[in-house]
Amino acid sequence: MKKFIIGAVSALVMATSAASAADYPTQEIQGIIQWGAGGSTDTVMRSVTPHAEKALGGTVIMQNMTGGVGAIALNYVEALPADGYTLLMGAENPLLYKVMGLGEKDYSDFIPISILARGTPILVANQDAPFDDYAGMMAYIKEHPGELRLGATGPGGLPSVITAMMNTVEGKLDVISVPYDGDGPALTALQGGAIDVMPAVLGASIEGIRAGNMKPLAIFDVTANEKLPDVPTITSFNDKYNDMLPWGPFFGVFVAKGTPDDIVAKLASAYAEGAKNPEFVELMDNRGFTMMGISGQEAQDFLSKWQQNTTWLLQDAGLTKASPEDFGIARPAK
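Quick note on numbering: the sequence shown equals residues -21 to -1, 1 to 313 in mature numbering (1 follows the signal peptide of the UniProt record, and there is no 0).
Read the hints as simulated data drawn from the structure, not as lab findings. A couple of the hints might just be wrong.
[What the hints assert, rightly or not] Derived EDC-like pairs: lysine to aspartate or glutamate, alpha-carbon spacing no greater than 20 angstroms straight-line:
#1 Lys121 - Glu149
#2 Lys206 - Glu186
#3 Lys33 - Asp218
#4 Lys206 - Glu261
#5 Lys84 - Asp62
#6 Lys284 - Glu304
#7 Lys84 - Asp280
#8 Lys151 - Asp218
#9 Lys219 - Asp200
#10 Lys33 - Glu261
#11 Lys194 - Glu205
#12 Lys84 - Glu57
#13 Lys284 - Asp88
#14 Lys236 - Asp280
#15 Lys151 - Asp241
All chains should be modelled from the sequences, with the hints used to inform the complete structure.
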């Protein structure tokens, strides 16, 4: 009798689970954006999600949850039930948490629904800055030590990686680091004159550049960008950057590990469909983002390679709290 009851309960649980997965979603889905409003992650997620909602047949309520270089949002989502009703909408930063001493969890605790796009870093300045390119900025820093205000988004953010590259190539820069909760608020501050220079994503800054509200100093890439062909590459100023580039941020949707496979599949299919929408594709192209749209093992492999390359870049720059080796991350082969 006891075995019968246990078997009946197990069968009921399995049937309920299968039914809930088949009916998913039956309630609103929460989308937690790691960064503040107006930044690149926010732009990508708020642009693609309405199209993914149509394919999914559900509603995703998005919320910006800032702090801890995205760690607050990541920990919040990871602590909730792995049922597909809370999505983490994030960027590359969690892959650096362990080596930067920012937390014990990263994307290895999540399943990538879709790595939607990647971006190109760019160095931009306030329109009134007394220099017009990277060489001019470096000369200004040497002539005015401790005066230039450089925007930041915390350890492990894109600005910290770009700054690490500059410190490695040029020697320690004597500048003032001014932190913000994402590149959106930082670029607003830049245009208002609160900071002088900001390492940012091209996609978040290109409209401000086109409007004449900020000026580009250099593209952090090995080739010119077709969206801003007149902006010089950083390698044209110093060829030592060739050893570190190309490098860039990425933007993706994740769920906590343990989320049922069929729910993961439904979400992946919905975001794959949403990413094909002509309006989204046009927006990404106009902003200078490179479409990716990868999921499953391809996304896992991409995340592993990105983490390997970037953690060792920061390790060699002396910016990590722990060696990547402590977490089983091998140095990339030359």
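Worksheet item: Lys121 and Glu149: Cα distance at most 20 angstroms?
Response: holds, 11 angstroms
Worksheet item: Going straight from one Cα to the other, do Lys33 and Asp218 come out at no more than 20 angstroms?
Response: violated, 47 angstroms
Worksheet item: Is the Cα-Cα distance between Lys219 and Asp200 20 angstroms or less?
Response: Holds, at about 12 angstroms.
Worksheet entry | Given pair status - Glu57, Lys84, alpha carbons within 20 angstroms | Status holds; Cα separation ~9 angstroms.
Discussion item. Against the 20 angstroms threshold, does the CA-CA distance of Lys151 and Asp218 hold or violate the hint?
Written reply: Satisfied, since the Cα-Cα distance of roughly 18 angstroms is no more than 20 angstroms.
Fill in: Given hint Glu205 paired with Lys194 - CA-CA distance at most 20 angstroms
Given pair Lys194, Glu205 holds - Cα atoms ~17 angstroms apart, limit 20 angstroms.
Discussion item. Tell me if the straight-line CA distance from Lys206 to Glu186 falls inside 20 angstroms.
Written reply: holds, 11 angstroms
Worksheet item: For the pair supplied as a hint, Lys206 and Glu261, is the alpha-carbon distance within the 20 angstroms limit?
Response: Holds, because 13 angstroms separates the two Cα atoms, which is no more than 20 angstroms.
Practice prompt. Compare the distance between the alpha carbons of Lys84 and Asp62 with 20 angstroms, and conclude whether the hinted pair is satisfied.
Written response: Status holds; Cα separation ~19 angstroms.
Fill in: Given hint Asp280 paired with Lys84 - CA-CA distance at most 20 angstroms
holds, 18 angstroms
Worksheet item: Does Asp280 lie within 20 angstroms of Lys236 when you go C-alpha to C-alpha?
Response: Status holds; Cα separation ~16 angstroms.
Fill in: Pairwise hint evaluation, Asp88 against Lys284, where the allowed Cα distance is 20 angstroms at most
holds, 17 angstroms
Checked against the numbered hints above, the structure breaks hints 3, 15 and satisfies the rest.
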